[in-house]
Amino acid sequence: MVFLCFLIVGSFAANAAGTYEAADEEPFMGSLQQGDFTLPSDNEEPLARFRRITLDLLDGFRLNIVIFFVTLVLALPLGMVVTFGLMSKLAPLRSFCKIIVWIVRGSPLMLQIFIVFFVPGLLFDTPMRDRMLAALIAFVINYSMFFAEIYRGALENMPKGQFEAGKVLGLSKVKVFFHIILFQVIKNSTAAIGNEVINLIKDTSLARVVAVSEILMRAQGYANLGMIWPLFYSLVFYLAATAIITLLFGRFERRLKRATGE
Amino acid sequence: MLQVSNLCKSFGTVKAVDNVSFTLEKGQTLAIIGPSGGGKSTILRLLNGLEQPDNGSILINGKTSGTFGLVFQDYNLFPQYTVLGNITLAPRLLKKDYSHAEEILEKVGLLEKKNNYPSQLSGGQKQRTAIARALMLEPDILCFDEPTSALDPKLTEEIVDILNEMKGKHTIIIVTHDMDVMRGVADKTAVMDGGKLRWDE
Ligand SMILES: Nc1ncnc2c1ncn2[C@@H]1O[C@H](COP(=O)(O)OP(=O)(O)O)[C@@H](O)[C@H]1O
Ligand SMILES: [Mg+2]
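Going down the list, the protein sequences come from chains C and F.
In this text, residue positions in the first sequence follow the working numbering: the first is 35, and each later residue adds one.
In this text, residue positions in the second sequence follow the working numbering: the first is 29, and each later residue adds one.
What the hints contain is simulated information worked out from the structure, not anything from laboratory work.
Hints are not guaranteed to be accurate.
[To be verified] List of simulated lysine-lysine pairs, DSSO-like, C-alpha gap at most 30 Å:
{"no.": "1", "chain 1": "C", "residue 1": "LYS194", "chain 2": "F", "residue 2": "LYS124"}
{"no.": "2", "chain 1": "F", "residue 1": "LYS135", "chain 2": "C", "residue 2": "LYS201"}
{"no.": "3", "chain 1": "C", "residue 1": "LYS207", "chain 2": "F", "residue 2": "LYS182"}
{"no.": "4", "chain 1": "C", "residue 1": "LYS201", "chain 2": "F", "residue 2": "LYS142"}
{"no.": "5", "chain 1": "F", "residue 1": "LYS54", "chain 2": "C", "residue 2": "LYS201"}
{"no.": "6", "chain 1": "C", "residue 1": "LYS209", "chain 2": "F", "residue 2": "LYS141"}
{"no.": "7", "chain 1": "F", "residue 1": "LYS216", "chain 2": "F", "residue 2": "LYS54"}
{"no.": "8", "chain 1": "F", "residue 1": "LYS91", "chain 2": "C", "residue 2": "LYS209"}
{"no.": "9", "chain 1": "F", "residue 1": "LYS123", "chain 2": "C", "residue 2": "LYS221"}
{"no.": "10", "chain 1": "F", "residue 1": "LYS224", "chain 2": "C", "residue 2": "LYS194"}
{"no.": "11", "chain 1": "C", "residue 1": "LYS201", "chain 2": "F", "residue 2": "LYS197"}
{"no.": "12", "chain 1": "F", "residue 1": "LYS195", "chain 2": "C", "residue 2": "LYS201"}
{"no.": "13", "chain 1": "F", "residue 1": "LYS123", "chain 2": "F", "residue 2": "LYS197"}
Bound conformation, chain C alone:
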């Protein structure tokens, strides 16, 4: 398990420069088929085959991890921006944000990935060439809305006295938000965010609907050739990732607790 974690992190670090194979220049519609999978030759050593398939799945899981991190890094702050919209004093902006949140949260992520991938081509005749980019955009938008709702809940549950104490001390609204409120909103959001983050790592597999060759797409490729075990094997990668995420989040939560002397 530890070795596997090491492999995942290592392969991610090695590819952090951002060269993912899914972003190649295949034509627009023709790209939505399974990739090529070499038939396992009969004289391949079982161990060599295991090694080859492990590396292949790992190569696919790298894409899942890229989607995971890019989504987190962009959607966590973006969610806060949407929260400001949801709680804005301007009624039209507030309604607009509410409708967007409702649409995004109320529809399947898979559909959203399709929409981001196909709609630019259908509407503006500029097809989305980069399938990975399409998936990333859909993920970031989708998760921003979920995070926004979590932040909104935490913000609405803030004791009014915290804002008032800041105001009475002569602090501007911006200073009150960044120096008094934000920390408490983050602290009160971590449990809910933690759940979403676990969902996110599992959701990353949906990128295969636009043929991003992530881990499940590869495992499915083997299954289509009559080799089922890589499909089950891919489970290990997910469980390893969720174990690491749970560990890190637990640590983060303890750290936030310590920051208030608890």
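Go by the hints and put chain F with the ligands onto chain C.
Chain F with the ligands alone, transformed into the frame defined by chain C:
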């Protein structure tokens, strides 16, 4: 000198503060006593700019630019900052002097708790942190909303001692429903009921 004239504030049909006028000399301590719902907190909130008055004026030395400080009934300390962090946050962010922070903590008897977080303090210590935080900005008028309502008799005595210590050096308004506690502290007392203020001689 604080001069409050014809102050009015309604919430819907409730006249929380109904045409209240009074003056308070520099260095004096005023206690406002009255039943719950009488409008005491609303007066303090108006003075501190947390509510906008429907009518009336609040002047310090004839100007509207005077400063108020407020010690909240439930303290409203910032949980992520230590005692020292709580009391220096505003002056740090406002780029004001905060070199007197430890001196003020000494005054309220909290110096040895300066690195504790609010979650690690007793009710009385939280109250004293809140007092120290308000004192840091050296407001013209310092307001207390029910400073002893959440404290047991022994802690109440401690806070009364601190108030007595501050007496004369600061201009203070204390709001309370506990008449006995404030008798000794106040130079003037007034009763607030149904939004009306009347003097109690
Ligand atoms: N924000 C508010 N909205 C509506 N009514 C309020 C509000 N604040 C105070 N009131 C009402 O104003 C009256 C005076 O309240 P308050 O000033 O809190 O009294 P006290 O502090 O003397 O107990 C009460 O009837 C209370 O219900
Ligand atoms: Mg009150």
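Now for the hints, and whether the structure bears them out:
1. C:LYS194 <-> F:LYS124: Given that 30 Å is the threshold and the Cα spacing comes to 26 Å, the pair holds.
2. F:LYS135 <-> C:LYS201: holds (25 Å)
3. C:LYS207 <-> F:LYS182: violated (38 Å)
4. C:LYS201 <-> F:LYS142: holds (23 Å)
5. F:LYS54 <-> C:LYS201: holds (24 Å)
6. C:LYS209 <-> F:LYS141: The given pair, whose Cα atoms are some 26 Å apart, holds under the 30 Å limit.
7. F:LYS216 <-> F:LYS54: holds (13 Å)
8. F:LYS91 <-> C:LYS209: Status holds; Cα separation ~27 Å.
9. F:LYS123 <-> C:LYS221: holds (27 Å)
10. F:LYS224 <-> C:LYS194: holds (27 Å)
11. C:LYS201 <-> F:LYS197: Holds: LYS201 of chain C and LYS197 of chain F sit about 25 Å apart, inside 30 Å.
12. F:LYS195 <-> C:LYS201: Distance of about 26 Å is within 30 Å: holds.
13. F:LYS123 <-> F:LYS197: holds (25 Å)
When the structure is compared with the earlier hints, a violation turns up for hint 3 alone.
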